[in-house]
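Based on these hints, arrange chain X on the given structure of chain H.
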Amino acid sequence: MKTKLLSGKNWKTILLTFTFLCLQTGLVFAQQIRVVASWPALADITKQIGKELVNAESLATGVEDPHGVPMKPSFVPRLNRADALVLIGLDDELSWLPALLEVASNPKILPGQPGYIDCSVGIPVAEPPVRLDRAEGDLHPKGNPHYLLDPVYTKIVAQNIAAGLSRNFPQHQAAFEKNLKAYVTELDSWIARWEKMTAPLKGVKFVEYHQEWVYFANRYGLKRVGAVELKPGIEPTPNHIVDLVQRIKQEKAQVLLYGAQNPRVPQQLANETGIKVLRLYSSSGGRPETDSYIKWIDYTVRTLVQAAS
Amino acid sequence: MFPRASRNFISLTIRFHSYPLGRIGGLVRKTFGLLLLLFLSKASVSSYILDNWLVALLFGSLFAGRETGVYEREVIVMVLSLRGRRQIAVSAFVVTVFLIPRVCLAQTSELEAIRGIVKNLEQQLQKALERIDQLEKEKSAGSVRVGEVEKSVQSLKAAPGALNPGIGMVLDANVEHKSKTGGNFNFRSAEIGLAASVDPFARLYGFINGTREGVEVDEAAAITTSLPWNLTAKGGRFLADFGRLPKIHEHELPFVNEPLSVERMIGGETQADGVELNYLFPTPFFLRATLGGYNKIGEGNERIDNNKPRSWSRFTYLGRLNTYFDLTDNHSIEFGTSHALTPSLRVSGDAGGGSRILNGIDVTYRYQPLASVVYQGLTVGGEFFRNSERIGFDDTSKRRQSYGGYSYAELKLNKNWSTGFLFDYAPSIESPGKKTIGYSPFVTWNISEFNRLRLQFTHADDRVREEKGDGGNQVFLQWTTVIGAHTHGFLGR
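If you read the protein sequences in the order shown, they are chains H and X. Okay, so the first sequence: first residue is 1 according to my numbering, each after it adds one. Okay, so the second sequence: first residue is 1001 according to my numbering, each after it adds one.
Keep in mind that a hint or two might mislead.
[Claimed, not checked] Covered stretches of chain X, as calculated for chain H (at least 3 residues, CB under 8 angstroms): (1) 1117 to 1127; (2) 1208 to 1221; (3) 1230 to 1242; (4) 1326 to 1336; (5) 1356 to 1364.
Since the hints were made in silico from the structure, they are not lab data. Here a beta-carbon is modelled for each residue, glycine too, at the ideal position from N, C-alpha and C.
The shape of chain H in the complex, shown without the other chains:
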């Protein structure tokens, strides 16, 4: 007996699959430009630059650990339909985004393509790696990626996004540039205000959970005493905590900053040393009242100033 592959039931299966395939193609309507951003702060800036031309959505919500966004398959269709992808870069999204791009079947937004808008271009990177070795932890291989905490650098980010959008949609370049100008002007006035507000932060000593406050500290003159994590991404060992307690007492550190991380160790340190613990997220959207970039930085500045005074 010979089994025929293309007979009976199999034929129907193949025909059905084929019809399905044909049905799915070609149903694309020209609408708003679809931009997917990795983090809500970037989606907000993209909206400010694209205004009504752009529909910008963020994959992360803002409450996640800065390096712990789950690799959800529901991100795949969103990446598939995106005209452009806006991301932090410097391997910030390494643990989840590249693998999603592998299955998103969207050649437009692959690294190196015009639709891949890396906001870290032109940022003077802090803490560049001196020794590239995983014994140094695994999360900041290209330098510290948490530059959004410096509002002055965010002007570069806005320029990168405007340039990226113009590269993909040159017909709207004039509009993007006009909006960019308006946003940078707005940001400048806020930056001037924050500069004044942060005067009492000069020289304030702080401890951070994860190494993400360097840009903010450099801008406003805070002094970092230590980090709860042993190395970026590595949870503290008991010895490290003992060391840290000693250092906090010695240096008289005033505040401990953490965001999406576990509050257990910060609370323990607060109990032992009396250090003030502040939960400040490393992206907008971490709290409902910080739904835009400016609101987020403003909240951060106000909370810190209040705690330090």
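Okay, now just chain X, sitting in the frame of chain H:
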């Protein structure tokens, strides 16, 4: 000062020689005016420059047509070395023979010349101011450009390394004790992974695995990256898209060993030589289909010879649908259904055979609280398989049917610790009535993302008795470490 000045002189000489006679007048007037200005400011310097300029002019005419760089240098040498009276004599000679007549022509109105120069300077000043304004405006944009240059310099520095593929290695070693067979240091695998883009249209990855049995290519496949219509094609040797955990490398599993049900019904990892076509449906939710064709599926499936050519009806064909839904931000569920068909299964040595159909359904529920995904989580997953086959012609009426599967739950306790339980129901394919049932609690300590210890206890009630080690009580301590770039991508999540 000198090189710049000499460059200006050269360009003047070139122009001098290339201009038609009618326009020479104007040019001479300009240059002469400039010299005059210098004269007025400091007589000694200007006379010195005048001399050298004339020498340069001479040289320019002699070397005209040669590479600019070369005779610029010549002129500088001239300018620097000839400072004596002889030079003045030469200059005078040049002036009398070549220039004086023309210069005199142009000298009709000195005043006019000066006016022209002043006007010219005014214009230049205006231009310079405008340029400064423009630069000022571009200042902020400039820093972006500087960054870009820095980046490209960086990537150039890394270029020889960057063109190499990402390289990584995983070591997976066990120490185990089985009540039926005894203890063992089990060097399970040292897997070297390589991955890089081939060109803008494809990427290539490979996993070369050294085990106690020897070294073999576990996977080596090319994948397209820019096919239209949401299609992706894959070819080579890879883990066929059947089920969820069967296509994950053993060291990436949430527990120590491949479930016995997967081992027996599929043949362990779904390794296959063949091609696959993936299609991502343009639906608002995740829906992905796979069609594939292979020599056979299953690394440990020794019933079919992987190396011999065969008729098309003796290949294995696969179809899979995979979908996923977010129930809320924190809860999600994933479904998959797989269907593998071998139209004519001929187990090595048999003269003939019927078809083999292997079906699989997989369900995975995940609790991933966004705000603390690093510290908490729960995964509950299970797969159910059905195998139906007919081998040989002796018994034409009946197909051999066997059912099996596994389910597990894994609870994340904090960033480093998780624990779970695996239930395994593994039938024998050869004698479908017999089965092995396994219960395995396990604890995992993720020292870091790349360093993991796992302790597992297994109690297996084995009624199949094909292999002694399948039954009894077993204890495993597994140590898995990773260096370099190592990722099994989306499918390994």
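Status of each hint after checking the structure:
no., hint, verdict
1, 1117 to 1127, "violated (count 0)"
2, 1208 to 1221, "violated (count 0)"
3, 1230 to 1242, "holds (count 3)"
4, 1326 to 1336, "holds (count 4)"
5, 1356 to 1364, "violated (count 0)"
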